[in-house]
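Enquirer: For reference, the chains in residue letters:
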Amino acid sequence: MSEKKIGDVILDLKGISLSFGGVKALTDISFDVREHEIRAIIGPNGAGKSSMLNVINGVYTPQHGEIVFRGQHFHKMNPRKVAEMGVGRTFQNLALFKGMSVLDNIMTGRSLRMHSGVFAQMIRFGPAEREEIAHRERVEKIIDFLEIQSYRKTPVGMLPYGLQKRVDLGRALAMEPSLLLLDEPMAGMNVEEKQDMSRFVLDVNDEFGTTIVLIEHDMGVVMDISDRVVVLDYGKKIGDGSPDEVRNNEDVIAAYLGVAH
Amino acid sequence: MGFFLEVVLGGLMAGVLYSLVALGFVLIFKASGVFNFAQGAMVLFAALAMARLAEWIPPMLGIENLLLANLIAFALAVVIMIALAWVIERLVLRPLVNQEAIALLMATLGVTYFLDGFGQTIWGSDVYEINLGISKDPLIILDKVFEGGILVNRDDILAAAIAIALVALLALFFQKTATGRALRAVADDHQAAQSIGIPLNRIWVIVWSVAGFVALVAGMVWGSKLGVQFSLAILALKALPVVILGGFTSIPGAIIGGLIIGVGEKVSEVYLGPIIGGGLENWFAYALALVFLLIRPQGLFGERIIDRV
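If you read the protein sequences in the order shown, they are chains X and U.
The numbering used here puts the first residue of the first sequence at 1, with every later residue one more than the last.
The numbering used here puts the first residue of the second sequence at 1001, with every later residue one more than the last.
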């Protein structure tokens, strides 16, 4: 990963403020994301990390601020438009299609790229059949990549947590996103699972050149894999820079360890 | 033995009709998590549209062929049900995205009463008939095996054939198409579906259209048997115990649940009725549903509720 080429700014967040009634979730947050980098957003619980991700993804509309994505200016994003612009995401509290198999879950990630008509698909009409097979091939590659071959036909609701997290990642990968938002991909995992997940995140970034924005409250893992880190605390930005800069930032240390009074 | 089979067969045929309505419930619940109380009203509305259009169009266009007139009326009724789905999505579902299920249920109650009234305003409130051109003379089958054979209605056979075709079509749609997969995805998680670019609004229009189509088929078959009248909407509520029995999310469940209830009703009415008094047919389905709620709340084929603690 030393050879990695980090490109221009593709996502620029300017002065984002978000509140729910009287509760300020985010106050005047600005940071940018460069192409091909792994950008982490860290902070203690309740710092506003997930809110930040949901603003980028269009689930929440900020009261103030502007989002610039690939040169286009937005006051608010819309989840579906964002998906069309090539932004994939995973969820902190798994939001998989529980009754469906692993394969079907990941296949849904191809929705935006499938174009055959419903009737053509029903009668397995030639071109529609070929399209399905082509998409299936991509999905099989993702399944191989995530090492979940043996669970293909298992309903995801029955898989252990760590594997469900992988399926969630797989579904987002199936979109072939250029920007991937990961909401606490390692939450609730044991050390071994965290290592696996870190490896997948690095490989995605490395092999597909996908830009990754990653939320995590466990500092350890993040510092090892991120290029740059934003630190939030109580909805405010208290640090931004390389992992080393952030590690030595006094505000960050105070937020994580507390200050002696 | 011949008599028993006749009762069972009669029950199966009634069951097919329940199944057709239950299918509509299951479709919408599966794809949008909404319990659509308006399914019965949609059956009535669709049947009224079909009956009246079949009556109005032939003189207008000078068509004398009954089959052609029915086909045109059916096609127009399909268009009307799709338009209705679109309007419901626009005016009712879209403003309620991500609201509690109970809010959506109340909204469909509203749709029910609106459709009941509006349907009678534009189509009329008499009893109308749908004539599919099937002879009312029953067929006698197996008369070599049993004395007197078994009586079967021709329209019942048609109803069964239509139901089978419809289920095959729906199974293909849900299992083999990307749209079907998207529908199942939306059913499981709205937010996640949006995040991968599945358009919720279009999906809802599609699923309500499909449910409207199913309602039309059910209304047509029922209407041709019993006449198109307000009581259709009430009869349609019999589909509630069917979906409880079969499972809210299972298409095969809706079919088998309908058949079990149809047969159970008839057999219990005929054989138990004289012992514990009549009227069994009216509450048998609900009692059976209650038993199922106690011992197997997800129904026969519903998805097991897997909850991690």
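Just so you know, the hints here were simulated from the structure itself, not pulled from any lab data.
Glycine included, C-beta positions come from ideal geometry on N, C-alpha and C.
Please note that the accuracy of each hint is not assured.
[To be verified] Examples of chain X residues toward chain U, derived with CB under 8 Å:
| id | residue |
| --- | --- |
| 1 | Val9 |
| 2 | Ala83 |
| 3 | Glu84 |
| 4 | Arg89 |
| 5 | Thr108 |
| 6 | Ser111 |
Enquirer: May I ask you to test the interface hint for X/Glu84 with respect to chain U, counting a Cβ-Cβ separation under 8 Å as satisfied?
Expert: holds (6 Å)
Enquirer: Does X/Ala83 hold up as a contact with chain U if the rule is Cβ-Cβ below 8 Å?
Expert: holds (3 Å)
Enquirer: Measuring from the C-beta of X/Ser111 to each C-beta in chain U, is the shortest one below 8 Å?
Expert: OK, holds: X/Ser111 within 8 Å of chain U, min 5 Å.
Enquirer: Are X/Arg89 and chain U close enough, Cβ to Cβ, to be under 8 Å, as the hint says?
Expert: holds (5 Å)
Enquirer: Is the interface hint for X/Val9 satisfied, with its Cβ closer than 8 Å to some Cβ of chain U?
Expert: At 23 Å from the nearest chain U Cβ, X/Val9 fails the 8 Å test, so the hint is violated.
Enquirer: With a cut-off of 8 Å, does the beta carbon of X/Thr108 approach a beta carbon of chain U closely enough for the hint to hold?
Expert: Check passed: Cβ of X/Thr108 comes within 4 Å of chain U, closer than 8 Å.
This entry does not satisfy hint 1, going by the numbered hints stated previously; all others are met.
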